[in-house]
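J.: Given chain A, put chain B in place with the hints provided.
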Amino acid sequence: MISYRSVTKRFADGTVAVQDFSLDVPRGTLTVLAGSSGCGKTTLMRMVNRMVDPSSGQVLVDGEDVAGRDPVALRRRIGYVMQNSGLLPHRTVAQNIATVPRLNGVDRRAARRRTGEMMELVGLDAKLADRYPAQLSGGQQQRVGVARGLAADPDILLMDEPFGAVDPLVRSELQRQLRQLHGQIGTTILFVTHDMDEALALGDQIVLLRAGADIAQQGTPREFVAEPANDFVRTFLGLDRGQRTLHRERAADGSIVVVDAHGRPAGVLAEPDGRPDDGAHPGAAADGGPRPGIQDAPGA
Amino acid sequence: MNQLWEAVLWCLDPAHWTGPSGIAARSLEHLGYTLLAVVIAAAIAVPIGWWVGHTGRGRGAAVALSGAARALPTLGVLTLTALLLGIGLAGPMTAFVILAVPSILAAAYAGFEAVDRRVIDAARAQGYTGAQVLWQIEVPLGLPVLVGGLRSAALQVVATATLAAYVGAGGLGRYLFLGLKTQDYAMMLGSSLLVVVLALVLDGVFALAGRAAVPRGVTVARRGVNA
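Here the protein sequences come in this chain order: A and B.
In case it helps, the working numbering puts the first sequence at residues 1 to 300.
In case it helps, the working numbering puts the second sequence at residues 1001 to 1227.
Just so you know, the hints here were simulated from the structure itself, not pulled from any lab data.
Among the hints, erroneous ones may be present.
Across the chosen pairs, the derived CB separations fall in these ranges [claimed, not checked]:
#: 1; chain 1: A; residue 1: 113; chain 2: B; residue 2: 1025; range: 54 to 62 Å
#: 2; chain 1: B; residue 1: 1088; chain 2: A; residue 2: 107; range: 49 to 57 Å
#: 3; chain 1: B; residue 1: 1063; chain 2: A; residue 2: 67; range: 33 to 41 Å
#: 4; chain 1: A; residue 1: 127; chain 2: B; residue 2: 1024; range: 53 to 61 Å
#: 5; chain 1: A; residue 1: 13; chain 2: B; residue 2: 1132; range: 23 to 31 Å
Fair warning: this is a prediction, and the values are worked out from it, not measured in the lab.
Heads up, the beta-carbon is just placed ideally off N, CA and C, and yes, glycines get one too.
Just chain B, same shape as in the assembly:
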């Protein structure tokens, strides 16, 4: 309990917040890593997931790929990419992207699969083209599930981004590894607390985004007939 208190005090000390390696800068760096990894992962996974969901093709491969990728040990991947790409951000960023892709990919096609087939059949029978079905029906109706996937990807990455410091990049992990070396346990625990707080904030933001992503006609359906 005492150590926890010391960690909290370490976090709250204004002297630790300023400067290029202060908590404010490191938090922003950490958040930046996370968002960059999620954006890159989404740019890869969303088109593939939508293609799989829209055409129904390659589903087996997508399931196997995302399942297998989830089983990869992050630290191992990080070490490997760092060895391949050298010290700096490229290595950890690659590892984070690999980490984030499976949940986003799965969410992108699961969102499409959750759309009532009869709605799509009816739309095609009205004369919607494939692209119109995709952009006007599958994308908006599948969006809440996709945001859920982005949310879990972001949470995984924000926790793992701590390891960026392990191979010489920045982020809140800096304090963790510095504390480990100097046996400053308040600093170690404090940095962990900061990561937890950042994760909770991100989770809250994504929860709000997820709610905003639900189309109104679907929201009223959940609330009952006379909403």
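In isolation and in its complexed conformation, chain A is listed as follows:
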């Protein structure tokens, strides 16, 4: 469990990145800090492993103030995955993944075994173990980054826009696997993103921030879509532009197509019995994930 207690961060140049911020991140959840760039979300995340120290207030991990912990020892207990992977260019994939276990004094053989497990866990071909980061695709590098972050079996994993630099297809695959992975290992994950679709796809809990890390809304993805707290949230979600207000429309072949307020197709409606019908059923999302509420369009 991570707790922020009235945290403020004022940088040397006088900018206040975070103003009196409080939040609990329950153990085992995947919490997304979302917001535009400059809202303080990365600063908040980096306070957990003391890459940034708050000017005032406390950050607690399992009830203990991190300010009293040795930063190096603390960081070796907390996984960290960043955008552009941050892999060491002169070390192989296996050496990169084994970084933290090796720093913690695990012997070479055990670290190598752990590396193999991690590569399997994140879906990396074992053949890539002796490649260098520059020989991998962007998506593969991010997988190595995730494997490195998890290799020491940390209780907490910090992820700073880890999928921001990969193409959309790879990104959604990585998001799907991260959800699956999180279900498997149950690590507490703090995930920073500016992409609200990503936040909705991943978060158990989403914390949407305005400038100065002012919480605009905190809740489940479902709550965000169904009950946006204010106009800022509506704008950030794209609700005001009709992107998440969906209607059903009948296509030429009789199936039901779901379209947004501009008539752009968002998908097809899957009915419980698996075949399209007259659209009398309430919209049930196929994978059980959070979905925007579906209204009947006047003309459908």
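T.: Structure of chain B alone, referenced to chain A:
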């Protein structure tokens, strides 16, 4: 053209190669001066450059110092150090070290600065200590640039080491100043040619060393994704 030919003949004459003041001995002496100057300069400049690169502190001073030192007239410095330290090797050696320090210093911190900040940030976030960042990341990744600095320092010194003879020390400069006195232009030009050859050999050696200093993961990056 004729003089050049005579200079080449002077160089190739086996009688000039043997003995304590033969070409072989003088070349070794010359090379020894060069390497000693570069080693001393590196012992001074590399720790300072690494400290500047690692901490980011004192960068302005390092830039100003190495810039100013480059502008020093070598012959003037040599004369000054010879006057201060007397005839012999100490004077010229001091001058050569002063000459070699700026390029090595600049290369040492530039090599660190060329390392991607995000890689270092990520390493710190994984729990690398400052010393581990220095020895495991900055030093190996900054090494190719440093070798480049050693290379240019060595080339500057090997050319300038000729002046050691000006204040009574040895090296290939002996022939130059002897030739000047005795109006033996073949000898003068020949000694210059020998310095040029020595410089080219040194340059080649450092080029190879520079290539060997590039970590494999970085070499494959340059060659393309599927190397």
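J.: All hints, please: hold or fail.
T.: So, going through the hints one by one against the coordinates:
Distance hint check for residue 113 of chain A and residue 1025 of chain B: the Cβ-Cβ separation is about 59 Å, which falls inside the suggested range of 54 to 62 Å. In this structure the supplied range 49 to 57 Å holds for residue 1088 of chain B paired with residue 107 of chain A, their Cβ-Cβ distance being about 55 Å. A hinted range of 33 to 41 Å for the beta carbons of residue 1063 of chain B and residue 67 of chain A is consistent with their spacing of about 37 Å. For the hinted restraint 53 to 61 Å between residue 127 of chain A and residue 1024 of chain B, the CB-CB distance of approximately 54 Å keeps it satisfied.
A hinted range of 23 to 31 Å holds for the C-beta pair residue 13 of chain A and residue 1132 of chain B, which are about 30 Å apart.
Violated hints for the displayed structure: none, as all numbered hints are satisfied.
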